[in-house]
Amino acid sequence: MANLIFASVNQLSSLKLSLTIILGLFSLSSYGQDIEGDTLKSKELEAVVITATRNERTMGALPMPVSLIAKDQIKSMGSLRLNDVLTEQTGLVVVPQINAQGNGIQIQGFNPDYTLILIDGEPLIGRYTGSLELSRIAVGNIKQIEIVKGPSSSLYGSDALAGVINIITDRPQGTRVNAAIRYGTNNTLDVNGDIGFTKKKLGVYVFGNRYHTDGYDLSPQNFGKTVSPFTNYTLNSKITYKFSPLTDISLAGRFFNEDQVFNFEVESNGSRIRTSGNGNTRDWNFNPVLTHRFSDKFKAIARFYSTHYQTETYLNLETDGSRYYEDDFKQSFTRPELNTEYFFNDRNILSLGGGYISEMVQTSRYGDEEKRYQGTSYGFFQHEWLPVEKLSVIVGGRYDYNTIYGGQFSPKLSSRFELNKKVTFKVSGGVGFKAPDFRQLYFNFNNSAAGGYSVLGTEVAVDRLAELEAAGQIQTYLFDPAQLGNLQAERSMSINAGANVEILPSLKMDLNVFHNSINNLIETQAVAITTSGQSIYSYRNILRAYTQGLESNFSYPVGRFLNLSVGYQLLYAKDKDVVEAVKAGDVYWRDPNTLVTKRLKPSEYFGLYTRSRNMGNFKVFYSHKPSGWEGSVRVIYRGKYGIGNIRGNIQGEVIPPSDTNSNSILDVYDDFVKGYALVNISVAKTVKNAVRFQMGIDNLFDYTEPVLIPNLPGRLYYGSVSYSFSKKNVKP
Amino acid sequence: MNSVKSILSIVLIAGFVAAFTGCSENEDPLPVVATTFTNLAADPGTGFNPSNGQPTGLTRQFTFFSFKTGDIVAHADSATNKWDLGFNGTTIIVNSATSGLGTSQAQIVSGIFDELAIAPTDGYKSDNDVAPIAGAPNANLAIPTGSGQGWYTYDGVNMVNKPTAGKIIVVKTSEGRYAKMEILSYYKDAPANPTFNNTARYYTFRYVYQPNETTSFN
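Sequence lines, in order, name chains D and C. Taking this note's numbering, the leading residue of the first sequence gets 22, the next gets one more, and so forth. Taking this note's numbering, the leading residue of the second sequence gets 31, the next gets one more, and so forth.
To be clear, the hints were calculated from the coordinates, so they are not data collected in a lab. Treat the numbers as computed from the prediction; the structure is a model and nothing was measured. In this text, a Cβ means the ideal position worked out from N, Cα and C, and glycines have one as well. Watch out, some of these pointers could steer you wrong.
Claimed, not checked - DEER-style ranges, computed between Cβ atoms:
(1) D:294 <-> C:144: 45 to 55 Å
(2) D:427 <-> C:91: 52 to 62 Å
(3) D:738 <-> C:144: 51 to 61 Å
(4) C:65 <-> D:487: 44 to 54 Å
(5) D:241 <-> C:178: 52 to 62 Å
(6) D:391 <-> C:91: 24 to 34 Å
(7) D:674 <-> C:178: 23 to 33 Å
(8) C:69 <-> D:294: 27 to 37 Å
(9) D:339 <-> C:144: 53 to 63 Å
Unchecked claim - Simulated pairs of lysine to aspartate or glutamate, DMTMM-like, Cα-Cα distance not exceeding 25 Å:
(10) D:443 <-> D:410
(11) C:218 <-> D:612
(12) C:155 <-> D:726
(13) C:218 <-> D:691
(14) D:622 <-> C:144
(15) D:622 <-> C:101
(16) D:661 <-> D:726
(17) D:604 <-> C:145
(18) D:646 <-> D:607
(19) C:155 <-> C:219
(20) C:218 <-> C:101
(21) D:619 <-> C:144
(22) C:218 <-> D:692
(23) D:351 <-> D:333
(24) D:619 <-> C:205
(25) D:619 <-> C:107
(26) D:604 <-> C:144
(27) C:155 <-> D:607
Stated by the list, open to error - Computed footprint of chain C on chain D, listed as stretches where at least three residues anywhere in the stretch have a Cβ under 8 Å from a Cβ of chain C:
(28) 611-620
(29) 691-698
Chain C with its partners taken away, still in its complex shape:
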């Protein structure tokens, strides 16, 4: 049943994409713009356990995001290629291989978000490309987890995760389109200097999605 549904949705999306690109053929492509998405809730839980500081009431579910729609994708569509990235805590998955039915891939590049004019043509990874390290279930993700390994650095004094400056996640979606994103904050409402008291697991990020078949982000 599920597989029928997903096949159906792939067909539908394919049709839609064809229609969309067909329409725009005669017009100059519109310049793409940077959009900021605020407070993507990545399984924030319902509260804290005062004895160990860990969040409680976690659903253990990923929150899915689609660059194309610029919005969250319902969890019911997890087994589709409607979404590009999934967020749970500090873990970010891409919709491919061990993580999903799509073929989304990603890589982290260093640089200034606005200066990244062209997406790299290679270097993308699915969520199973990296050789797993023994005992590390998430070590084979395209966007590595862990402080200083991927997109964030842990500040042990304030006990907060800070998105590392100059890390840009570039995504190649299941449809072969490119998007770049920069995570700005892991805390609700993106406070300037977050502390332990801020509510964690809320992503604020900036992204540019290129709907056309080009690596250009301009």
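Excised from the complex, chain D in its bound form:
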């Protein structure tokens, strides 16, 4: 949904790493299931998740930090888009990508680029400028959202350093019809409906959604809006067919289209000019999955996934209608995969799989419209072993071979030990990696809109610089181009260790301590200055960082109808080289008022930009099934954080960098974005188990920071009505 602001490279790099901790919401999920029906009370079913092992496993038995957000919780929050849901979870921060497109998710302090987002196990693409725009995903057909924290490259390959968010969508089950309409502030109208039925061997499910908003304007004194109006449509369908009790197939597809109308004031040669234009984003995917059980012990799943993403933006000058800016990006991803599961016995399960990924990108930002391809072959294994009843061990690994960056092996080892009925320990360690993306390899981009700079991918930089030099356009080299070598994949080594403890009957606590050590981080490198004073950037593997902290969640059901929960995350995210330089006494800061220079003490280095040291939430959910009333109050807190050198603007206003004392790092003497708390409330009443009325207010106290937090709209009122009908098929 594009807070479209013209990209600057500095930002992309300084935000590269963000760390956050995620606290599992185990307890909330089991609460969510209670709502299903009174009968479940007595035989509380355990939640089943698929993301952690690629196979369906009960969540409580998994040795890694996993959390789950169930459909009922999403409904109770009144959420419409994926970002609405994720922003309320412990340890997840939705961060605005000022110079990139969209708002991404920060997990354990990693930047949004480092979390893999899957829909039914298949990756969402469209990392146009690094992160994925979460508002592309409507939540109406989501059955549950599974979040695995810590590296999962051992199963999923590239991008799964911080974690994996897997969106599990509804499947055909019984006969059902749902329709919902919601209207709220900013003329935001959401209409969605689904229909599904099963008939003998066939199951069909179709979901449709239309979402429109007028956007919002946090700086009315300036031309244009903070978020421009947009409208999007989502269509999902899933068809299942059981050939026999042993063999079934599922065909899933998605189509998404979004149009946005822009009005921007841009700065050109020192003067402000008005522009207007359009942005269009589309994606579709196709995903057949064939499952066959050869025997009680052996199961095989063949999956095919093909997806396409494209976005186009243009801006025209208001004065004469001439083209001021245009940008386009197309990406496709195709993957066949075979996955097998073999049950040796109750204590040993082996999974083996392999596949091939073909990726293509085509964009004007590479200087031509040529298609760029890369291919990755991979194989993975995972063994689940229960040596004794109270101990489980999962060992796994995956090898990826890519046509550009070569081979990567990503192992992972996890273990769970049940001390007694009240205390369970979990520990897991693993390796994650992120391949250099197309942008870092092939960018050939000259941004005249944001004051002028160029970015050259490492595969094209040397040739392009030679051309510029031959044309006499290089004034000074800042870095020897010969040292711009082949980019390596970024790698992390991580440990997560924690415990689930039942402190009192029904008062549950989850604790997870994490440490991620990240090397080979790709950072922009200023390479040269042109004769007209513009900077030229490329990329290098230069940064090393770590993120560490702890996450904790408490859940306490009070009586049968009320559930209280508290979540907290503590986070330290630091650049290792800066830490060492500060320790060696080589980092200084100059008081901007007295102009006196002082040496920075280790305790005064705050860490990476956009990471809050503290964040937390407090939630109360109420659900009274007999009368149909439910309600919630959620308080979400994010502690203070810094902003890097972002060369972009929000509605024509520059974003002031936090560093004010001439050392280019974030220390305690710098300016910070203040910590803040948001309060969201909702109330709903269901009549006759079919019609549901809901009202709510998000951001009750209307907290905004127009320039510093552009993704935070003011107070939002909404009301919705929905109808649902469902009938479980009687088993023949």
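Following the hints, complete the assembly by docking chain C onto the known chain D.
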């Protein structure tokens, strides 16, 4: 003619130095003090071109400074060793080799200005010591140019050059005396938080000059 003049001035200065050091021989050397020089105009130009934001009316001439006199040296004396450093925009030259007839040398060290009690004995460079990088005319200067390379860091948001904290320029003058300096601001009147609207190319810096033949700055 010019060369005669400069030879003459070298002779004169040599005589003066001899006289000065002769005088002070019987007295305890006075403690050296830190002096702040404000608003050294480094070719600020006459205005701005509104279409590209670049300054106009540039003279393309360096402004010369002598630590010994603590003052600006007239441009007419460019071909002498009367000056130690020359300033034009963000470029700082030392009076040696490719930049001047003197033998001044300099280096940048990291540290706290007040804590630097003794000048390093080696590590100084003339303006031709660094191997030039192709296409980079200023890359061989003793005080490197470019953001993050020498004495300043460019703040792309406010579009200002900020002197990097903890960078001290140590100069060995043509007479073999030592000076240390810390650049505090690149903007006129050294505003606390300069922006694009402040007038650039005005140096404010702090320095200590040791007139005696010692590396000590105390």
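Subject >> residue 144 of chain C and residue 738 of chain D - C-beta distance against the hinted 51 to 61 Å >> reply: holds (59 Å)
Subject >> Given hint residue 691 of chain D paired with residue 218 of chain C - CA-CA distance at most 25 Å >> reply: holds (23 Å)
**OP:** With a cut-off of 25 Å on the C-alpha distance, tell me whether residue 155 of chain C and residue 726 of chain D pass.
**Re:** Not OK: residue 155 of chain C and residue 726 of chain D at ~50 Å, beyond 25 Å, violated.
Original post:
Holds or violated: residue 351 of chain D with residue 333 of chain D, Cα cutoff 25 Å?
Top reply: Within the cut-off at roughly 9 Å; holds.
Original post:
If you draw a straight line from the CA of residue 218 of chain C to the CA of residue 612 of chain D, is it 25 Å or shorter?
Top reply: holds (18 Å)
**OP:** For the pair supplied as a hint, residue 622 of chain D and residue 101 of chain C, confirm whether the alpha-carbon distance does not exceed 25 Å.
**Re:** violated (36 Å)
Subject >> Status of the given 23 to 33 Å range, CB of residue 178 of chain C versus CB of residue 674 of chain D >> reply: holds (26 Å)
Subject >> Pair hint residue 619 of chain D and residue 107 of chain C, alpha-carbon separation not exceeding 25 Å >> reply: violated (37 Å)
Original post:
So the hint says 52 to 62 Å: do the beta-carbon atoms of residue 241 of chain D and residue 178 of chain C match that?
Top reply: violated (38 Å)
**OP:** With a cut-off of 25 Å on the C-alpha distance, tell me whether residue 619 of chain D and residue 144 of chain C pass.
**Re:** holds (10 Å)
**OP:** Compare the distance between the alpha carbons of residue 155 of chain C and residue 607 of chain D with 25 Å, and conclude whether the hinted pair is satisfied.
**Re:** Cα-Cα ~22 Å, so holds.
Subject >> Pairwise hint evaluation, residue 692 of chain D against residue 218 of chain C, where the allowed Cα distance is 25 Å at most >> reply: Satisfied, since the Cα-Cα distance of roughly 24 Å is no more than 25 Å.
In summary, the structure is inconsistent with hints 5, 6, 12, 15, 18, 19, 24, 25 and 29 from the numbered list given earlier, while agreeing with the others.
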